[in-house]
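**Student:** Chain by chain, the residues:
Protein chains: 4
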Amino acid sequence: MSATTSTVPVSLTALLHGPDQPGLVARASGWIFDQGGNILHADQHRDTEAGIFFQRLEWIPSAAVEPNAAADQFRAFASSLGMQVRVASSTKRARVAIFVSKFDHCFHDLVLRWKAGEFNCDIVTVVSNHPDLAATAAGYGLPYRVIPVTAATKAAAEAKQIALLRELRVDLIIMARYMQVLSADFLANCGAPVINIHHSFLPAFAGGKPYHQAHARGVKLIGATAHYATSDLDEGPIIQQDVARVTHRHEVEDLIRMGRDLEKIVLAQAVRAHLGHRVLVYGNKTVVFD
Amino acid sequence: MSATTSTVPVSLTALLHGPDQPGLVARASGWIFDQGGNILHADQHRDTEAGIFFQRLEWIPSAAVEPNAAADQFRAFASSLGMQVRVASSTKRARVAIFVSKFDHCFHDLVLRWKAGEFNCDIVTVVSNHPDLAATAAGYGLPYRVIPVTAATKAAAEAKQIALLRELRVDLIIMARYMQVLSADFLANCGAPVINIHHSFLPAFAGGKPYHQAHARGVKLIGATAHYATSDLDEGPIIQQDVARVTHRHEVEDLIRMGRDLEKIVLAQAVRAHLGHRVLVYGNKTVVFD
Amino acid sequence: MSATTSTVPVSLTALLHGPDQPGLVARASGWIFDQGGNILHADQHRDTEAGIFFQRLEWIPSAAVEPNAAADQFRAFASSLGMQVRVASSTKRARVAIFVSKFDHCFHDLVLRWKAGEFNCDIVTVVSNHPDLAATAAGYGLPYRVIPVTAATKAAAEAKQIALLRELRVDLIIMARYMQVLSADFLANCGAPVINIHHSFLPAFAGGKPYHQAHARGVKLIGATAHYATSDLDEGPIIQQDVARVTHRHEVEDLIRMGRDLEKIVLAQAVRAHLGHRVLVYGNKTVVFD
Amino acid sequence: MSATTSTVPVSLTALLHGPDQPGLVARASGWIFDQGGNILHADQHRDTEAGIFFQRLEWIPSAAVEPNAAADQFRAFASSLGMQVRVASSTKRARVAIFVSKFDHCFHDLVLRWKAGEFNCDIVTVVSNHPDLAATAAGYGLPYRVIPVTAATKAAAEAKQIALLRELRVDLIIMARYMQVLSADFLANCGAPVINIHHSFLPAFAGGKPYHQAHARGVKLIGATAHYATSDLDEGPIIQQDVARVTHRHEVEDLIRMGRDLEKIVLAQAVRAHLGHRVLVYGNKTVVFD
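Protein chains in written order, with this note's numbering: chain C, 572 to 861; chain R, 572 to 861; chain B, 572 to 861; chain E, 572 to 861.
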């Protein structure tokens, strides 16, 4: 049965950006309207300093057109305006890989939210450098693949990871406290964006042991930051951040405990925004549509 | 010198709402584009449950049209779509009346923000039932009008207030901790919306002495709520709310002190949203565009 | 092996309160010092309006005294000061019952935190009026007891619950979105305090369907409240509250989704405070020591 | 008329810290009790890692002793325990100097809070490197002293500032967006602690133009930090911090506007904590008692 015969109508979501020019707000929505589409949501943003226009459109295409064809037509139209564009169909569920090491709080949180219906995706693999969470993944009915990583084997391990990700046609990689730095090579070849959760309010306390750094500095708030991984460690485009208040009474282990809640919520919000086609990256920044 | 010859181009802002129907997103923006206008911001919302469509549009009309004429044309166009519409020109500064009693924190805060350029308006009068803040208003160079109110004189006092507001062609009334309940009659006849700040997280602790109520109940957060005044006391459409954390250590006077900060910020944010033509009221609720 | 021969020294925690009088701060700490105890933490609070003094003391008693005897001696001493007192030993883990219905988010959250070591307790039973979460509990290795409740069988069901709780010597009952109102009778006879999570910022939106109420009222923040259950529904002493910002864009199902995070965190913080012997109830309020 | 004949009883507040040792909690409170004093508040903290004990005590000394003598006796007692101690009397109002440049928001905020009774101090001078706020200070009835600072005259200007501060016996210097870096020499010789407000969430965005830095990095929260000034710029002990949420829609000028609210509140909270004798500095960190 094809998606077009489903009773819930297929919707398309487009994320566009490109050089600003007069009429852009009206153009894309006008085109959709002219093609018989029904716009559900439209949001736009203009970076006046950089001269870039951003738009997110969600619409139900005319029943007269096959949705994939409608998506292709819109891509061609957007390109003709000089815009970069991605179009996603509501019938396509993203294929997600979760990378973990030994910490399990973000992993449990992501999977339970997924089971509760918060994420429109399939979790197609759990990849780890350690066997520790194999039973946990099995309890959730998720495939778990151990690929050990040492300094000596890192390149080979990443090659295995890439082969797996490509074989599984993964659309999104989530580093759920995966305690390894991904190489620039991996990022260039893994074929999907990577969302990482860093356990500090970046750019404060980049690098290792951020809760220890925060405690040593005596800050009054701790934070967590979800960002797209880039070859510059902890420097990628920020998707979401949050903080919690701490006092002199909190020791490092309290910060670690309190930080787990921040990490879970911030990572989940970033993943949900990404899967909802709400995040546009430009330069080292993001536009996150509501 | 007319506004149209100014070097900063005049912009128009429209707030529309009405029954939802296909094509609305494209219609208004398309119309503006067709008329030679340049859209700066466009935002919309759909209340799917109530079947209402909301839109805020900000644009620079074609230089070929006088802005007031362009506004009139847009009003006619929007009405033809079955939408209720308000259109404001950037050359028109709202005329604001501030009502105060004896508390001065919100009054100072509003005036200092106004002087800092946060509010696009003119403060045309300060009205009070007490003389206490006369010198403060004078220090700011603001006219101050004392209209005493007692139970016996309330109707007459409100008549005087209405006459003053109408004479001054007031567009917005701000109750900056004005400690009097406005009658339904006043609200029906004052000729302008009224924004009130209530010192609790409504609907909790409506009515008098909310900080005392909050302390007696032992809540762990206190709040403030800015809303449009309606004839149902503390029941009007909410524009903005915020809270602050309290503990058992805080006595009523601490709540009052901490609450002042909440009241100032929440009222200022609501006023700024209103003056920026970002608030649409429907039923007992608001849409507040970013 | 008795607790006193353990290598980690046993600590005692006392929660006292009673009529305020000069010298109370010095008395209890002086007594402990005189008995050879080493105070780890001391915190106190004075409700000047009500004339009540509150204190939390945590100390390592002298190695020369058996800890239970030291606790008894302190109880006698505190009573001699006219104070009500509870003393807990670090060797005694609270025995906890979790009540659930069909929603599983708070249940998962509590159990995962417990497994992560955030709660010093044993979960001795999971009680439900529905069989839905039986497999989930089994997956965690927790006993699950179904006691159906209908209007007709409520009294009998509560009698069964009470018998179970007493048999298991339960110290704390957690209502993790248990969708039944407990009777005054149950509360009087269940033998343990009951912590409930209400999905609104009480006293706003008491009663049923609070997210629907919040949406209908158009509030800009939603909340959750953890409180001790009393015979007055949603009126018990508040332990913890928190809020999250919402806009006109959020529909009821969004509030429900966002509220789950609030409910989890607020309930967990309240449970942790209770288990850490940090919560003192007086009248309808709480003192929650840091 | 001496303070001791006043009808409101004089209270003393002591801040102590020193090497941790058994019995410290009981010692100081016991000593005060033995001397006939009545303790109003007692709070303590133990940095177990550093082995330091901290205590704040507030008490009414026996009517039989002159308060200054009671303070001296307590100082001697605390020293005998190996503790560093400061004791302040409620009859002594701190003498405060406010340093400003051209931004006036923190200045207005501090003075209005002071007039509202939030700060127990006298503002004895306003010092600026510019004449811009002279009329504002005069409107508040505050002395205003212009001491211009250029690279060439900085040492001489600081010498003038120090002479003024010493002549006025200033106890606390508040840099209310004073846009000059104070030299190590100034800090060593000005004779009073200096509280500064930095307009970022330190240690993120230290140095100049933090809102521009934050905008360029694309953070989702902006912050403000109040800290004691030290010779390492932006590295001093943090007293208070707070953040506000921003999105891609906010331009630098929005961050500056929103940041003003953060700066005002964070600076005011830090000043209030300092004036209430609630802040103890050790190493590069603070203990801030509630």
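Any given hint could turn out to be false.
Heads up, the list lumps identical chains together, so a pair's fine if it works in one copy or across two of them.
[What the hints assert, rightly or not] Each computed BS3-like pair below joins lysine-lysine, with the alpha-carbon atoms no more than 30 Å apart:
no., residue 1, residue 2
1, 780, 663
2, 780, 673
3, 686, 725
4, 663, 725
5, 731, 663
Treat the hints as calculated values from the structure; they're not laboratory data.
**Student:** Give a verdict on every hint.
**Tutor:** Comparing the hints with the structure gives:
1. 780 with 663: Close neither inside one copy (38 Å) nor across copies (34 Å); limit 30 Å.
2. 780 with 673: within (15 Å within a copy, 39 Å between copies)
3. 686 with 725: neither (33 Å within a copy, 32 Å between copies)
4. 663 with 725: Classified as neither: same-chain Cα gap 33 Å, cross-chain 47 Å, threshold 30 Å.
5. 731 with 663: Within. Shortest intra-copy distance 26 Å satisfies the 30 Å Cα cut-off; inter-copy 49 Å does not.
When the structure is compared with the earlier hints, violations turn up for hints 1, 3 and 4 and for no others.
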